[in-house]
Amino acid sequence: MQDTYFEHPAEEALERYLLKRCEEEELETVETHLLACESCVSRLENLELDITAMKQALAQWQEEEAARSAKIVQPSGWRRWFAIPNLAWAAAAAALALSITLVPHYTNLNGKAANVSLSAYRGLESVSVPEGRSLHITLNAEDLPSGGAEVSLVDSNGATVWSGPAQIHDSRAVVTVPRIRQAGAYFVRLYSKSSDGAEPELLREFSITVR
Amino acid sequence: MLASPSDSSPTPQEKPGQETQDTNTKGNLSAVEWSTLVAQIKAGEDAGMEQLYKLFSRGIRYYLCRQLGPQELEDKVHDTFLIVVNAIRRGDLREPERLMGFVRTVVRRQVAAYIEQAVHMRREQADLESGIAVADRKQNPEQEAILRQKTELMRNVLQCLSQRDRDILVRFYLKEQSQEQICREMSLTETQFRLLKSRAKAKFGEIGRKKLNSSGILSVLVRAQAS
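So the sequences go chain by chain: X and H. Going by my numbering, the residue at position 41 of the first sequence is 41; the numbering climbs one at a time, nothing skipped. Going by my numbering, the residue at position 118 of the second sequence is 118; the numbering climbs one at a time, nothing skipped.
Looking at chain X on its own, in the form it has when it is part of the complex:
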């Protein structure tokens, strides 16, 4: 009986639907209701906008937070009068000498990888990633069998920027992509593993914007 489809879903259920966190039974109920309920589609559109705004605001906040914590604390005006320039220069020279010797051995030039989760749904959401940082990308691989796969990153002209192997496990595939030097639109493509010379099959495509 479709009585269960008549009730308007609670906001939390709609949120779970948008975030793809519904259990199968709830997914069926919410999705079926939405197909026939204009008002809930409006609610969902508003909620989608709110969630996207929330994600963007949180991402911006995190970036600012990282920038704030990385900022060197400058001494206040009166303290500068008491600084000893010669010693400061000596310390700087020592630090430079040390960094020339040690830094190349211990520093990953890409810096800390940015974590990115991508889903193939094409809603309002556009995933922004930072320019000049390597990316630790988790791709949604729901409904795909576990096993080997190939991932490639292409620019908006379809030119391959990077490609590499990946493993699909627990409905996810995780890859680390080297830093992207140029801002713009890119696509991450998940392919089946090619075997016996057969052409790999395009399984999913995800959109990202490098800013």
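If you are wondering where the hints come from, they were derived from the structure by calculation, not from laboratory data. Accuracy of the hints is not assured; some may be wrong.
Here are a few chain H residues that face chain X, going by a calculated C-beta distance under 7 Å [claimed, not checked]:
(1) L29
(2) Y62
(3) V170
(4) R171
(5) Y173
All C-beta atoms in this analysis are idealised placements derived from N, C-alpha and C, irrespective of residue type, glycine included.
Since the structure of chain X is provided, determine the placement of chain H on it from the hints.
What follows is chain H alone, placed relative to chain X:
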């Protein structure tokens, strides 16, 4: 037996001034005479077709757009209705009360078929060209403006929250951690978690209203509603 419209009770969460969706929890769906509707479609009556379209067009359009993007959306919606109507006429839908679920099955199959078709086409195109044309998925300017404004409001809200509250939101929305994981790792009860989220939303609404008040938009809207 389907409930009559009068059986439905008002939504408890609804407040005066809130966007009115339906005045009852079950909306208008419980009032639909499914067997009559299906019989009318079978008989090829315009009234049945109209009602079917009125009921499902917005939902189907939204679903297809969400899953497949805005390209050729009208054609896809039209195709879906054709499939539903033809199937009903053929007698594939034996229980009219299951029409909603039936439409869902058809729409999901349509989405799967379009994706499969797109994948094949792309592969063929990739053989012919070095570059693949990429569809424009940008939002329209109005949506972008609303999103910018909402993001700004959200940032104001985030400033009002504690670091811990912000961490919870980051985990849930950005890192996509489950509610269970967040509660476990941050020693929260489910109620505390839900409270935090609703508190953030309430703040968002409050700051949004203040902004609207200060810009005078709200008073214009109120006057427009009253007139």
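Hints, verified against the model:
no., hint, verdict
1, L29, "4 Å, holds"
2, Y62, "5 Å, holds"
3, V170, "5 Å, holds"
4, R171, "10 Å, violated"
5, Y173, "5 Å, holds"
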